Amino acid sequence: MTHKTTLIDRRDADPDPISIDAEAVNSKAARALYKKRTPIYPKISGGAFRTLKWGAMIVLLAIYYLTPWIRWDRGAGAPNQAVLVDFEGRRFYFFFIELWPQEVYFITGLLIAAAVGIFLSSALFGRVWCGYACPQTVWTDLYIHVERWIEGDRNARMRLDKAPLSMDKARKKVTKHFLWIVIAALTGGAWVFYFGDAPTLMREIFTGQAAVTIYLFIAILTFTTYALAGTMREQVCTYLCPWPRIQAAMTDKHAFNVTYKVARGEPRGAHKKGASWDGRGDCIDCRQCVAVCPQGIDIRDGDQLECINCALCIDACDAVMEKVGRPKGLIAYDSYENVDRAKCGEAPVYRFVRPRTILYAVVLAIVSVAMLVGLMNRTTLSLDAMRDRSPPFVRLSDGSIRNGYMVRIINKEPRERMLELQVAGLPDARISAMATNATPDGALVVHARPDDVTSMRIYVVSAEATAQSNDIRFVLHEPETRTTTERHAIFMAGGPR
Amino acid sequence: MTTPEKHGVDEFTGTSTTGHEWDGIRELDTPLPRWWLYIFYATIVVAAVYWVLMPAWPMLNSYTPGILGFSDRANVAAELQTLQAARKPSFDRLTAASYDEIVADPQLAEFARAAGETTFADNCATCHGAGGAGAPGYPSLADDVWLWGGTLGDIEHTLRVGIRSTHDDTRLSIMPAYGRDGLMSTRDIGDVTEYVLTLSTARDREKPVPAAAARGAAIYQQQCVSCHGATGAGDRAFGAPSLTDDVWLYGGSRAEVRRQIELGRGGVMPAWETRLDPAVIRALSVYVYGLGGGEKEPVAIIEPAPAAPAIP
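Line by line, the protein sequences give chains A and B. Counting in numbering that gives the first Met the number 0, the first sequence runs from 0 upward without gaps. Counting in numbering that gives the first Met the number 0, the second sequence runs from 0 upward without gaps.
Please note that a few of the clues may not be correct.
[Said to hold, decoys possible] Below, computed lysine-lysine pairings styled on DSS-like, alpha-carbon distance capped at 27 Å:
{"no.": "1", "chain 1": "A", "residue 1": "Lys42", "chain 2": "A", "residue 2": "Lys175"}
{"no.": "2", "chain 1": "A", "residue 1": "Lys34", "chain 2": "B", "residue 2": "Lys206"}
{"no.": "3", "chain 1": "A", "residue 1": "Lys252", "chain 2": "A", "residue 2": "Lys272"}
{"no.": "4", "chain 1": "A", "residue 1": "Lys172", "chain 2": "A", "residue 2": "Lys35"}
{"no.": "5", "chain 1": "A", "residue 1": "Lys161", "chain 2": "A", "residue 2": "Lys175"}
{"no.": "6", "chain 1": "A", "residue 1": "Lys35", "chain 2": "B", "residue 2": "Lys5"}
Everything labelled a hint here was simulated from the structure, so no lab data went into it. Please read these numbers as outputs of a predicted model, since none were measured by experiment.
Kindly produce the complete structure, drawing on both the sequences and the hints.
Below is the structure:
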């Protein structure tokens, strides 16, 4: 390939200490369908974006590992874990929010908001999710750091892999994989804490008393973490993840991406100290951007789906530009529109407000507001009434009509509630239950169990209902809080007699 | 896999060939993706291990059981046992509780209803219909008419001993077949029919003939009054239905009433004591009681609210 030739020529001409022999092994040209994966040895880089990635990694890992340990007092009888998916109790707890299974639409809303949020971030700043926040990126980054800590930086790792097996090599390899598996096990271990009381579960796991499924899930997630972050790495982004393909539809030429400023950089070539910069580009072809890339690509090849926009090449290039005394930003966040405009000598344009971004922002706002309104107006008391299907109605000995209903009173508060159930819509309708008679004013007194569904059979009798199908309402009133909730139902009668 | 040196490389695709050639067309040796191949090998290994561990191969009279001794049948039996053990405390409570306690405890009543529902669907719905809707000859259990009493105790007793069953203490009543056995003339039967219709709220619909009804009244006083009572209110001691309402076991039209006087039909309900567990009968009683609200002791279905119109 031409790069290789250039590389050798340059080395012969100028043994520049900042140049590095790095090949973009995962670039489109280097890839083949049945080729074995060529290992990538990302070099450590330093700079603003590396610092940002450190920060993001620490914050995100802390959120993941520590969240299950946050306590939140909900009173007696309720779990005191701030974030808990309680499958057995069929509840989802998130700090002050408690959701029932039938309120799973809040989760749906959250997922829609997350999806539209990632669309919006893609349209504005390209793949910031991939570069900083995706678990695959975060854990791979962590694994590469462990690898670097044990085996040394790029060159040392390449030497080690080429070296014949020795005690030292074996020790390093074993230590690395051991640490990887420990991290993987901690990752899988932290996951299960979201589904049970963390301190209890921790004790059970270490005393061997936890359920088989717990160990199974830890094992599965240990395996996936180890495999995805340790051994598969960039292959997950290149081959497994659908997002690189989807995001192409969500972004456009105006989105900010990690870009190589072709107009400024080309023609590239080795540069001797003190030589003139006239008639050539700023790129000295030192290949540092390739050496630091965890995805094994060359950013100078332009937009490519392998690029996760982690911006580590920006740091690498800026450091080199500083050394050779040229302005920073040869590789920088910019839009592909501006890269093209620069080629024609046009001034850059910045268009953050575009139909696409407006649409995503509006949808995001609508979903968020709908969720918020839904959450704020969420009732802790609701009522279901299912009419008996067989028999549809019963004619009593006095000629009146009776319908049977299965009434379910859903009390989402952790206290027993004294409620009055009445029927409205038919003037002479009377309500009764198997165990309770109505009070003189025609209401049934119901004690709704705390944080539970109370089911009861209700009978409604009417002598005056003449239509075949009559609309009635069940009215549930709580005298203590003066709250009322209603449920529409049908009262069937045989029609006019 | 063959090496390119062996059979040559196809010049258009750059892929090695297998060396097979038909009419000048050579077959490309496209290798399987590695991951696919490894998973394929892994599944073969898994299958071999599975044959050893789990039931796998059918034999002439049985099958290879596998060394883990896995059996779905045994698992189901064990799960059923666990389920029964889990339900036992509730069933014990149900058996020990008095009728009043059951009705007053919504949770216990709900458990019994749920347990009784399945039993009802399996054993009773065939005749009484889903939800106890009833059918001609099979009384509705969802209304407020109880031939043998509608309290929990009455219902449970009826369930245990049955009606006209083989049980020693069976609920028993026989209505004579006045027509078939020649106990009444055809004309008398017609007259009694008219009278019975006058007693019932069906009179508005059937419009009995007054003269015939007057003749029938005298016959009624001789033949029917001992069971159905002077006013036709019926008597639960004999399971004699009330003739004053418009709820009929064999239909309330003139022809249907007449036919019942002629044939004196009476259905049979088996005694469930010998077939079902006492706790299950108790649960079934609560379910049947709950279908229409049963009768509280003393008989009162709903205490009418003052504002509501009085029951005629």
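#### Entry: Violations among the numbered hints
2, 3
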